[in-house]
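Generate coordinates for the entire structure from the input sequences, incorporating the hints supplied.
Under the working numbering, the first residue of the sequence shown carries the number 1489, and numbering increases by one thereafter.
Certain hints may be false.
[Said to hold, decoys possible] Under the rule of at most 20 Å between Cα atoms (straight-line distance), these lysine-lysine pairs were calculated in the PhoX-like manner:
{"#": "1", "residue 1": "K1547", "residue 2": "K1588"}
{"#": "2", "residue 1": "K1549", "residue 2": "K1588"}
{"#": "3", "residue 1": "K1689", "residue 2": "K1630"}
{"#": "4", "residue 1": "K1549", "residue 2": "K1699"}
{"#": "5", "residue 1": "K1548", "residue 2": "K1699"}
{"#": "6", "residue 1": "K1596", "residue 2": "K1549"}
{"#": "7", "residue 1": "K1699", "residue 2": "K1628"}
{"#": "8", "residue 1": "K1635", "residue 2": "K1699"}
{"#": "9", "residue 1": "K1548", "residue 2": "K1588"}
Because the hints were derived from the structure by calculation, they are not lab data.
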Amino acid sequence: MNRDQIKFLAIITMTCNHIANIFLTPGTLLFEVMIDIGYFTAITMCYFLVEGYGYTHDKKKYGERLLLFGVISFVPFCLAFGMVQMNMLCTLFLCFLILKVMEMSTLKWEKWIVILILIFVSLYSDWALLAPVFTILFAKSKGNRIKTAISFGIGACLFAGFNYLSNLESMSTGSALIHALCSGIGPVVAGIIILFCYNGKKSNHAGKASKWFFYIYYPAHLLFLWAVHQLCML
1489 MNRDQIKFLA
1499 IITMTCNHIA
1509 NIFLTPGTLL
1519 FEVMIDIGYF
1529 TAITMCYFLV
1539 EGYGYTHDKK
1549 KYGERLLLFG
1559 VISFVPFCLA
1569 FGMVQMNMLC
1579 TLFLCFLILK
1589 VMEMSTLKWE
1599 KWIVILILIF
1609 VSLYSDWALL
1619 APVFTILFAK
1629 SKGNRIKTAI
1639 SFGIGACLFA
1649 GFNYLSNLES
1659 MSTGSALIHA
1669 LCSGIGPVVA
1679 GIIILFCYNG
1689 KKSNHAGKAS
1699 KWFFYIYYPA
1709 HLLFLWAVHQ
1719 LCML
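Okay, here's the thing in structure tokens:
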């Protein structure tokens, strides 16, 4: 599989997650399945953010695109999920800034102070804490297949752990554990596909339209799902 095929797969799984969050009843089997399917996406996008940061010819424009569409997506995200919070593109922009800081030739302790501040800011965004940690893990393991596999494993365990702790108050220990294990399947599958199926190349037919599609789809699908939900409520 090439990069664009995996990104399209990530878009599909993300959309499944968003449909479940907006339309389905929490606790039902279909809701849980579609939610868990969507957990494939975030760790995949963090991986490709690190990869893209390395091969892009213009890091400034790369960051500007993330920021621009993060801002554009702010209102659609808030409308779709009924809360005021920064979206995943904003989180990816924070992760981009972390990568910028990591490559700066300043004292190590100074860099980590700035990185910790950026991680703290992510608390007000989608995939808080986890996406920055995923990004740091992939940046540190880049170019090493075994370390990358370990990074995916750590990422899946961290995410499952977060889910377990967050569900303990509302579920029994056994139910919380089952939910946590299921939530970790998406990141694990992402790691398997990237490590064993990804050929390291972009699509032969990929052009500017394909690149911009990934940015435009995010706010567009959120706005569409919100509009459909409003019509269903009439």
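Status of the hints after comparison with the structure:
1. K1547 to K1588: It holds: about 9 Å lies between the C-alpha atoms, which stays within 20 Å.
2. K1549 to K1588: The hint holds at about 13 Å.
3. K1689 to K1630: holds, 16 Å
4. K1549 to K1699: It holds: about 13 Å lies between the C-alpha atoms, which stays within 20 Å.
5. K1548 to K1699: holds, 16 Å
6. K1596 to K1549: Violated, because 26 Å separates the two Cα atoms, which is more than 20 Å.
7. K1699 to K1628: violated, 26 Å
8. K1635 to K1699: violated, 28 Å
9. K1548 to K1588: Roughly 10 Å separates the two Cα atoms, so the pair holds.
In the structure shown, a violation is registered for the earlier hints numbered 6, 7, 8, in ascending order.
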